[in-house]
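Participant: All chains, full assembly: derive it from the sequences and hints.
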Amino acid sequence: MTTAPPLVPYAEALERYEPAIGLETHVELGTVTKLFCGCPAQFGGEPNTHVCPVCLGLPGSLPVPSRAAIEFTIRIGLALNCSIAEWCRFARKNYFYPDMPKDFQISQYDEPLCTDGWLDVMVDEGDAEPQHVRVGIERVHLEEDTGKSMHVGGATGRIHGADYSLVDYNRAGIPLVEIVTKPITTAGAFAPAVARTYVAELREVVRSLGVSDVRMEEGSLRCDVNTSLAPRGSGVLGTRTETKNVNSLRSVERAVRSEIERQAAVLDAGGTVALETRHFHEDTGITTSGRSKEEAEDYRYFPEPDLVPLAPPREWVEQIRRSLPELPSVRRERLQAEWQLSDADMAALRNADAFDLVAGTVAAGASPAGARKWWLGELSRRANETGAELAGLAITPDQVARVAELVSSGALNDQLARQVIDGVLAGEGTPDEVVAARGLAVVSDDSALTAAVDEAITANPDVADKIRSGKVAAAGVLVGAVMKATRGQADAGKVRQLILEKLT
Amino acid sequence: MSELTTMTAADLSAALRSKDVSATEVTQAHLDRIAEVDGRVHAFLHVAAEEALAAAEQVDSRRAAGAELGPLAGVPVALKDVFTTIDMPTTAGSRILNQWRPPYDATITTRLRRAGAIILGKTNMDEFAMGSSTENSAFGPTRNPWDLSRVPGGSSGGSAASVAAYEAPLAIGTDTGGSIRQPAAVCGITGMKPTYGGNSRYGLIAFASSLDTPGPLARTVLDAALLQEAISGHDPMDATSIDEAAPPVVAAARQADVAGLRIGVVTELSGEGYQPGVLSRFSQAVELLESLGAKVTEVSCPHFRYALPAYYLIAPSECSSNLARFDAMRYGLRVGDDGTRSAEEVMSLTREAGFGAEVKRRIMLGTYALSSGYYEAYYGKAQQVRTLIARDFEAAFGQVDVLVSPTTPTTAFPLGERTDDPMAMYLADLCTIPSNLAGNAAISVPCGLAPEDGLPVGLQVMTPVLADDRAYRVAAAAEAAFTERWGHPLLASAKGLDGASGLDADDTKGAGR
Chain A
1 MTTAPPLVPY AEALERYEPA IGLETHVELG TVTKLFCGCP AQFGGEPNTH VCPVCLGLPG
61 SLPVPSRAAI EFTIRIGLAL NCSIAEWCRF ARKNYFYPDM PKDFQISQYD EPLCTDGWLD
121 VMVDEGDAEP QHVRVGIERV HLEEDTGKSM HVGGATGRIH GADYSLVDYN RAGIPLVEIV
181 TKPITTAGAF APAVARTYVA ELREVVRSLG VSDVRMEEGS LRCDVNTSLA PRGSGVLGTR
241 TETKNVNSLR SVERAVRSEI ERQAAVLDAG GTVALETRHF HEDTGITTSG RSKEEAEDYR
301 YFPEPDLVPL APPREWVEQI RRSLPELPSV RRERLQAEWQ LSDADMAALR NADAFDLVAG
361 TVAAGASPAG ARKWWLGELS RRANETGAEL AGLAITPDQV ARVAELVSSG ALNDQLARQV
421 IDGVLAGEGT PDEVVAARGL AVVSDDSALT AAVDEAITAN PDVADKIRSG KVAAAGVLVG
481 AVMKATRGQA DAGKVRQLIL EKLT
Chain B
1001 MSELTTMTAA DLSAALRSKD VSATEVTQAH LDRIAEVDGR VHAFLHVAAE EALAAAEQVD
1061 SRRAAGAELG PLAGVPVALK DVFTTIDMPT TAGSRILNQW RPPYDATITT RLRRAGAIIL
1121 GKTNMDEFAM GSSTENSAFG PTRNPWDLSR VPGGSSGGSA ASVAAYEAPL AIGTDTGGSI
1181 RQPAAVCGIT GMKPTYGGNS RYGLIAFASS LDTPGPLART VLDAALLQEA ISGHDPMDAT
1241 SIDEAAPPVV AAARQADVAG LRIGVVTELS GEGYQPGVLS RFSQAVELLE SLGAKVTEVS
1301 CPHFRYALPA YYLIAPSECS SNLARFDAMR YGLRVGDDGT RSAEEVMSLT REAGFGAEVK
1361 RRIMLGTYAL SSGYYEAYYG KAQQVRTLIA RDFEAAFGQV DVLVSPTTPT TAFPLGERTD
1421 DPMAMYLADL CTIPSNLAGN AAISVPCGLA PEDGLPVGLQ VMTPVLADDR AYRVAAAAEA
1481 AFTERWGHPL LASAKGLDGA SGLDADDTKG AGR
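Respectively, the protein sequence lines represent chains A and B.
Position 405 of the first sequence, counting from 1, maps to 405 under this note's numbering, and the rest follow consecutively.
Position 89 of the second sequence, counting from 1, maps to 1089 under this note's numbering, and the rest follow consecutively.
Keep in mind that the hints were calculated from the coordinates and are not lab data.
Treat each hint with caution, since some may be false.
Some, not all, of what chain A presents toward chain B, calculated at C-beta under 7 Å [stated by the list, open to error]: (1) Pro59; (2) Phe302; (3) Asp306; (4) Leu307.
Between beta-carbon pairs, the in silico distance windows are [claimed, not checked]: (5) Tyr95(A) with Arg1341(B): 11 to 21 Å; (6) Gly1398(B) with Ala200(A): 54 to 64 Å; (7) Glu15(A) with Gln1384(B): 51 to 61 Å; (8) Val32(A) with Ala1377(B): 37 to 47 Å; (9) Ser234(A) with Asp1243(B): 38 to 48 Å.
Think of the CB as a built atom: it goes at the ideal place given N, C-alpha and C, for glycine as much as any other residue.
Facilitator: Okay, structure coming up:
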């Protein structure tokens, strides 16, 4: 059981204290192999099937670094405006834990591969002016992931008190990049939003680089949040806590907020904030005390003697720099201008998580307006109905572009297009396959249409008379009848034209 | 004793090639010799008779089929029990591995098999290669074939003794601070520590990663070269392996010539603490090399005096981390897992029960040296010393082609004499440690018997990094001249095992003078 700590209301806490935050983000790289051996680096697999003597740390085994993992780390470093070390080393971090095969982790310590960069983020809280914040990047380094423990029995799900533990070493040795920010001291009340926006932007940057799938729910992006408070105007940094287990963007924001409220209560009561690790609880939104950092282990770091120093040649670094894709912020600005969207339109797109989908649809040939219409309209509605994420719908931007194309060419109308989308989402195939299978096509054969029009005129003599007498608006009734007769497959404009030709 | 067991590897190779003998006969002869004497020597922790005979049969049938085989095909070799072998237990001389059966072969093991060498079994060693007498083995000491009451040196004592006792013509050892050269010297055979990175460490259970170097032990310099050539060369599984062509050591051993070579005698590796007989045999060796046309000068390497303390910070530091994995979770010994204890308690109980005293001592030394607040003063300072020692070598090799010294300050000491005095034990590696710290090549070759105890003395020849061939060239020249002077190989003087009834051992005239 965890007891809820006393909290000070957020606004009140901010009146007396200035928060400082820092983020340590771990990104699992999407390399084909693990960092130091040839085992597959994919997520999952039957427990202990993606293992070999090296990632199991068997006696005698030795690590050999993956060039791809180093290149991916440099890509991240360059995208975050870091300097890339000309010479650096891996180091051993020594501590005993059953899920760490060698009882030390090969990491980097005082010689990280990338240092001293930044990431610009735009904090948009809706009710306030969007705020531009430059988040300093302290370092980006490469290390190996540990295995995964499952503690069975006991109340806490932790190793202490468990009946027994199972360890899966599939994850052991997967390359992990740690990205550490400098302290962010000027965010004030925006601190929780800055933390969330930073992680969101970082996730987009890393995804755009093609080096990780950055899925927080699968743990390929993990976040630790440092928070401290100092009395307003004191100009010092308070004692920080490190909150772990923050597994979603929303949680990042909530964890910072909750820590500000908790630490304010501690300080108000004349206490001191303990230097410690805290655990965030998704269900209650509060943090609880973990391991004290005061009595923290001494990791006895020293340079990894099984590896030679890492000295990425400058030509290679420059080659990587040249191969970097357009970064998300630059791309967003460019596309906003190209699509001629207002800031509000843009915000709507991003809030709906539709920006990349629309961009993909436009890239596949659709007009920006058409792409936005389908994703923000019909498809957003479907996602809402089923509780799915927009990107999780079983339709690709390419397919949406094809639907839009069929509509603009006149082969489909909007009503038919919705049926095509139904079919694609139901797994009936590509838009063209659905069109063929369901026999969906605008009736453009003039003789068939003419017959239907004649039939409608004969069946509605009084309406026909009205039109003949000049009441053109009455044509709608006949158009409706024709559309009904053709089960919606006629082009309504064409039908209207035929009717008017016949009666006027 | 069968004649087949006294032949050199080079002679066995020729006899096998000409089909005068079969690999099966050669292997059986050595297995018989092991059965005859190993009860007294205890060079082997595991004899793989069945596997060895199967491998020999395979070599014989391939040769009968006309296959082109390498020089070591059918030649037996003893393997230090620190290399993983898929078909034999691997213990590193420790209880904590609990007769572990590795699921993979070390690169050295693979290369031996590929060369057709017959692995007779796994040899005894100081636990995790920590020691200079093989008394730190968890499975009892090995004895020196020259005098069974004395140590064979260590940590590759089992490998050295197996070769000196004619149980194997060749053996693989590892040298972290002298663990090949020192036992070779005190057992009267040849042992080579190649350039660091010249031989793969993949599958070698680590003691100190930046120092561990696999290498050959043999009764002749040429034999050692044949073995080194079979195992050396770049290995993509070892990131510290040198990606360059291996030095041509067999050709160098055949060249056996020192005319015009500049030889430097290291001032700091003699004097106080050295046994008089060791110094006198060393001086004779230097004179001999001079008589063969070498130019001898004295060279000072002022930082060598700090080599031993630096080594005893760096090696324990690395070992404290390397040996952390022996935690009872995945393999090896597990103590106290009765359902009531935590994983941490089981780790602790297992390590308490599984490691010997010397291993624990070094883990504690290393843990201390790496601790926050002490790192700079100990580990950091030791690394600086290491750099200075490498610079001493560089400066020296600017003046001379090779450096020489005694391999060890004393001859083989009696069993038990130094087990309670770690400092005295550590001093056995005084002359060998500098080359481990600098990573250069060094060989030990017999240079006679100390007059006061009649035990073998080794001459150490040190060369620059990747100049392994030069070491073989000089050692082979000294060996040829000594053998001519003595009228027989030094080892023929050994009486400890076969006594008067064994080898013709009455003739110690040359070697002892």
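Participant: Does each hint hold? Answer for all of them.
Facilitator: Do the hints match the structure? See the list:
Below 7 Å, beta-carbon pairs count as interface contacts, and proline 59(A) has one with chain B at about 4 Å; its hint therefore holds. Taken as an interface hint, phenylalanine 302(A) checks out: its beta carbon lies about 6 Å from the nearest beta carbon of chain B, inside 7 Å. A least Cβ separation of about 5 Å between aspartate 306(A) and chain B falls short of the 7 Å threshold, and the interface hint therefore holds. A cut of 7 Å between beta carbons decides the hint on leucine 307(A): the least distance to chain B is about 5 Å, and the hint holds.
At about 20 Å, the beta-carbon gap between tyrosine 95(A) and arginine 1341(B) stays in the expected band of 11 to 21 Å. The hint said 54 to 64 Å for the Cβ distance between glycine 1398(B) and alanine 200(A), and at roughly 60 Å that hint holds. For the pair glutamate 15(A) and glutamine 1384(B), the beta carbons lie near 54 Å from each other, so the given range of 51 to 61 Å is met. With their beta carbons about 44 Å apart, valine 32(A) and alanine 1377(B) fall inside the hinted range of 37 to 47 Å.
Taken as a hint, the range 38 to 48 Å is violated for the pair serine 234(A) and aspartate 1243(B), whose Cβ atoms sit roughly 57 Å apart.
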